[in-house]
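Colleague: Each chain is listed here by its residues.
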Amino acid sequence: MECTLGQKIAELRRTMNMTQEMLAEKMGVSPQAVSKWENDQSCPDIFLLRDLAATLGVTVDALLSPQKLDHAVLVPEKQRKTPDEKILRITVLSAEGDSVKINLPLLLMTTLVEAGVDLSAFTGQGKALKNVVWEEILRLAQTEAAGQLLEVQSADGDHVSISIQ
Amino acid sequence: MKIIVKPADGRRIIVPIPTKVLIHVFAARKMEEILPPQLRKKLPRVLRCSKKVLSGENLIEICSADGDTVILRL
Chain A
1 MECTLGQKIA ELRRTMNMTQ EMLAEKMGVS PQAVSKWEND QSCPDIFLLR DLAATLGVTV
61 DALLSPQKLD HAVLVPEKQR KTPDEKILRI TVLSAEGDSV KINLPLLLMT TLVEAGVDLS
121 AFTGQGKALK NVVWEEILRL AQTEAAGQLL EVQSADGDHV SISIQ
Chain B
1 MKIIVKPADG RRIIVPIPTK VLIHVFAARK MEEILPPQLR KKLPRVLRCS KKVLSGENLI
61 EICSADGDTV ILRL
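One line per chain: the protein sequences are A and B, in this order. Under my numbering, the residues of the first sequence are numbered 1 to 165, in order. Under my numbering, the residues of the second sequence are numbered 1 to 74, in order.
Do not rely on the hints blindly, as some may be mistaken.
[Stated by the list, open to error] Dumping the calculated EDC-like pairs for lysine to aspartate or glutamate here, alpha-carbon to alpha-carbon at most 16 Å:
1) K51/B to D84/A
2) K6/B to D68/B
3) K6/B to D84/A
Rather than coming from a laboratory, the hints here were simulated on the basis of the structure.
Pulled out of the complex, with its shape left as it was, chain B reads as follows:
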């Protein structure tokens, strides 16, 4: 995953983070809290499909009114 920050008045910053790191460090813990047990079995297939579908797409794009942009891209 890439985190791209485009400030309105500065240079673009790109932070590449391996998706595995995110999953292990953050998502796994959060998912345990959010997801019911029956969903955890389906999760690997859902994540595999999601990764394929979202490949190269922006997951989230936030543009502030003052011109800053933050993009999360797989």
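The following block holds chain A by itself, in its conformation from the complex:
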């Protein structure tokens, strides 16, 4: 899956639990400049790239690559969200071209799993999600890692990714 530089900056910023204002302050630019980067209306100055990548917890190469970030990043302790503030993002892209994005609060998912609720009532009966061990995903989601936790590509072309933010 490909994404623009702006989409990647926005995703990484949210993963690192930063507002546009916080990122702008760290980079010494205005919040409007960050907003323009994220909406692909402008690009960060080349001299800022190294600091920007470091602030977002990736290499310059990973930041500029059109490929979506396919691994979790370690969020610095000060910027970590509590489990109550985290969102589990599930994206399903079907081979036919349909896409479904679901954002669920981690607290809601954890409470449901603890109570033994069958999550297929929320995530559907799709083949790709059928064998996912939700307890493991949620355990991972509660650690300091953020970003993509799981990516499944089924033989019939469906694509599922689960990430935590």
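Given the coordinates of chain A, work out where chain B should sit on it, guided by the hints.
Modeller: Below, chain B alone, put in the same frame as chain A:
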């Protein structure tokens, strides 16, 4: 909650529905069926946190291959 429908070949339609209405009319009945009794006690806190976390976020976004989009946003 807002239901936003963007047809591929038409104007965007936005239907705002108070979340309370949804909870009372639909979710409360459905939750009774799905949730075990021990979870119902925790539910108010979970919903309060969920509302805060999901504020302004899309709960569900469905894009069909032919270009139609349906979004549920809190």
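Colleague: Run every hint past the structure and note whether it holds.
Modeller: Status of each hint after checking the structure:
Between K51/B and D84/A the alpha-carbon distance is near 11 Å, which keeps this suggested pair within the 16 Å criterion. A distance of roughly 6 Å separates the Cα atoms of K6/B and D68/B; the hinted pair therefore holds under the 16 Å criterion. The straight-line distance between the Cα atoms of K6/B and D84/A is roughly 32 Å, outside the 16 Å bound, and the hint therefore fails.
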